[in-house]
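Peer 1: Chain by chain, the residues:
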Amino acid sequence: MIRTENIYKSFHDTPVLKDVSLVFKKGQTNLIIGQSGSGKTVLMKCLVGLLNADAGNIFYDDRNFSAMRFRQRKVIRKELGMLFQGSALFDSMTVEENIMFPLDMFTTMTRKEKQKRAQFCLDRVNLHNVEHLLPAELSGGMKKRVAIARAISNKPKYLFCDEPNSGLDPPTAILIDKLISEITRELNITTVVNTHDMNSVMEIGDFVAYIYKGQLWWTGDRHTILHTSNAELNSFVYATELMRTIKSEDH
Amino acid sequence: MQVLHHIGKYLILVWIVLQRPENASIYRRQIINEMDKLGLNSLGIVAIVSVFMGAVVTIQTAFNTDHPMLPIYAVGFATRQSIILEFSPTVISLILAGKVGSQIASEIGTMRVTEQIDALEIMGVNAAGYLILPKVIAAMIINPVLIIISMFLGIFGGYLACFITGVEPLSNFLYGILFEFSQFDVLYAIIKTVVFAFIITTVSGYFGFYTKGGALEVGRSSTTAVVVSSIFIIIFNLILTQILLV
Ligand SMILES: Nc1ncnc2c1ncn2[C@@H]1O[C@H](COP(=O)(O)OP(=O)(O)OP(=O)(O)O)[C@@H](O)[C@H]1O
Ligand SMILES: [Mg+2]
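The listed protein sequences derive, respectively, from chains F and U.
Numbering-wise (the working numbering), the first sequence opens with residue 1 and increments by one.
Numbering-wise (the working numbering), the second sequence opens with residue 1 and increments by one.
There's no promise every hint is true.
What the hints assert, rightly or not - Restricting the straight-line Cα-Cα distance to at most 30 Å, the calculated cross-link-like pairs of lysine-lysine (DSSO-like) are:
id: 1; chain 1: F; residue 1: K116; chain 2: F; residue 2: K157
id: 2; chain 1: F; residue 1: K78; chain 2: F; residue 2: K116
id: 3; chain 1: U; residue 1: K99; chain 2: F; residue 2: K114
id: 4; chain 1: F; residue 1: K78; chain 2: F; residue 2: K26
id: 5; chain 1: F; residue 1: K26; chain 2: F; residue 2: K74
id: 6; chain 1: F; residue 1: K114; chain 2: F; residue 2: K143
id: 7; chain 1: U; residue 1: K9; chain 2: F; residue 2: K78
id: 8; chain 1: F; residue 1: K112; chain 2: U; residue 2: K37
id: 9; chain 1: F; residue 1: K74; chain 2: U; residue 2: K212
id: 10; chain 1: F; residue 1: K74; chain 2: F; residue 2: K18
id: 11; chain 1: F; residue 1: K78; chain 2: F; residue 2: K178
id: 12; chain 1: F; residue 1: K74; chain 2: F; residue 2: K112
id: 13; chain 1: U; residue 1: K99; chain 2: U; residue 2: K212
id: 14; chain 1: F; residue 1: K178; chain 2: U; residue 2: K99
id: 15; chain 1: F; residue 1: K112; chain 2: F; residue 2: K45
id: 16; chain 1: F; residue 1: K213; chain 2: F; residue 2: K112
id: 17; chain 1: F; residue 1: K18; chain 2: U; residue 2: K212
id: 18; chain 1: F; residue 1: K112; chain 2: F; residue 2: K78
id: 19; chain 1: F; residue 1: K213; chain 2: F; residue 2: K155
id: 20; chain 1: F; residue 1: K178; chain 2: F; residue 2: K157
id: 21; chain 1: F; residue 1: K213; chain 2: F; residue 2: K26
id: 22; chain 1: F; residue 1: K143; chain 2: F; residue 2: K155
id: 23; chain 1: U; residue 1: K212; chain 2: F; residue 2: K78
id: 24; chain 1: F; residue 1: K45; chain 2: U; residue 2: K9
id: 25; chain 1: U; residue 1: K9; chain 2: F; residue 2: K74
id: 26; chain 1: F; residue 1: K26; chain 2: F; residue 2: K116
id: 27; chain 1: F; residue 1: K45; chain 2: U; residue 2: K99
id: 28; chain 1: U; residue 1: K99; chain 2: U; residue 2: K9
id: 29; chain 1: U; residue 1: K99; chain 2: U; residue 2: K37
id: 30; chain 1: U; residue 1: K99; chain 2: F; residue 2: K213
id: 31; chain 1: F; residue 1: K143; chain 2: U; residue 2: K9
id: 32; chain 1: F; residue 1: K155; chain 2: F; residue 2: K178
For the record, the hints were derived by calculation from the structure and aren't laboratory data.
On a predicted model such as this, the values are computed, not experimentally measured, just so you know.
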């Protein structure tokens, strides 16, 4: 479980996050949704400590991450996996080396064991015969999948994904979403996903938090989101013709 | 103000880089890699520049000291001293600042703008240490080797120049090269080189590590890295010469 308490963050006096308090439960896929520029990435970076919030606290299973110093944070960092918006694979390393990297750094596993684990993670994301390729030789969707494999290789307790399916075709996007949701259940971890894609919301949104201009505007799940009276959320949900059609057919 | 800000931030980065590594065996592997990347890859340019500069220094000295009062060792001696004391340690370090410095800054800068450094930090890796320390150590080991090679090749270039152009009799040149040779001069050159290697790698690492933005800024960081490390080399050359030779 991850809990935030009254998070504030501004850049050069421009407030980006205002009083965000949230609880992300374990074993479910938690979505943060909102328009472009609403502060989703900033919120996620505050959660993992890449940015420091100006005020507020972040708890990882009742361990106050915000109050920790660099060295103490390391313990929690080793329990995190993160999928970046641009994959962020190490481009001087092969796919296999990328996935083995957290294991190289922090475990005493033998080379054989690490390779086995890397193979397992690659199988898990349905990638085969790519272990000796460099990231530059992969397609966007493959990169995302390798990045997921790397994020889960050291068995994280918390998984963060920033726009895991942006820039992918609909079937691949859904595949990645499902993968994240399945892994979350299998490993019983706490997963937080940033997205602005309603397809993702409908597919995997066990818990959905809507951020509007840096404020927490609404929370619910993929079922309740369709029947809310919140005007700003409605304009987000029913921004596309497709969703409007579904709604009118519902009635 | 801006300059002080950078110096402070640079010193903090150096402090972080020098922290104890989380996994010594990975760092060891990285150091070997970097020695190959930063050292062996520079061998070609160091060799070419050294041979030609050695030849030019010899010819210049010979032309400008063509006086019957001067001892026969003058040309060889002057060539040797210029190469060992200044040309090899300082000029070659400046060339390495251009080659290695821009390479380091653009490599680390690219990792910054593509979030690879964030990915390292998320994992709990000391990203600055992991990326910069192996380069610092590798350069501090391999640059003195390059500089010694450069000294030999520089003198060899001078020898070739005498042999081909005949500006100076070979026997006089060789006599001058060996005349009153002091090992301390070589030690002095190596000390300078090691300090310069530290400057090149940490300054370029600094500009790469704090790159903000995109591909354009990566290019800018790498130019700044080369300019600033060259200036630091020149300044420290003066300081070290004062300290070591006086
Ligand atoms: N490092 C920064 N410095 C200054 N302002 C920033 C910085 N990072 C983000 N911002 C600002 O914070 C706001 C929120 O940005 P953020 O990246 O969190 O949006 P987002 O919700 O992730 O959008 P998208 O869906 O497009 O990724 C934006 O207005 C942005 O300009
Ligand atoms: Mg974003």
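Peer 1: Between K143/F and K155/F, does the CA-CA distance stay at or below 30 Å?
Peer 2: holds, 19 Å
Peer 1: Decide if the proposed pair is consistent with the structure: K114/F and K143/F, CA atoms, cutoff 30 Å inclusive.
Peer 2: Status holds; Cα separation ~20 Å.
Peer 1: Mind checking the alpha carbons of K18/F and K212/U for me, to see if they're no more than 30 Å apart?
Peer 2: Holds - the C-alpha atoms of K212/U and K18/F are around 25 Å apart, at most 30 Å.
Peer 1: Is it true that the CA of K99/U sits at most 30 Å from the CA of K114/F?
Peer 2: violated, 36 Å
Peer 1: Are the Cα positions of K178/F and K157/F separated by 30 Å at most?
Peer 2: holds, 18 Å
Peer 1: For K212/U and K78/F, compute the direct alpha-carbon distance and say whether it is at most 30 Å.
Peer 2: Status holds; Cα separation ~26 Å.
Peer 1: Starting from K213/F, check that the Cα of K155/F is at most 30 Å away, please.
Peer 2: violated, 34 Å
Peer 1: Given the hint that K78/F pairs with K26/F, test it: the Cα-Cα distance must not exceed 30 Å.
Peer 2: holds, 17 Å
Peer 1: Is it true that the CA of K74/F sits at most 30 Å from the CA of K18/F?
Peer 2: This hinted pair holds, its Cα atoms lying about 27 Å apart.
Peer 1: Going straight from one Cα to the other, do K112/F and K78/F come out at no more than 30 Å?
Peer 2: Holds: K112/F and K78/F sit about 22 Å apart, inside 30 Å.
Peer 1: Check the hint pairing K112/F with K37/U against an upper bound of 30 Å on the C-alpha distance.
Peer 2: holds, 28 Å
Peer 1: Quickly compare the C-alpha distance for K99/U and K212/U to 30 Å and report which way the hint goes.
Peer 2: holds, 22 Å
The structure fails to meet hints 3, 14, 15, 16, 19, 27, 30 and 31 from the earlier list, while all remaining hints are met.
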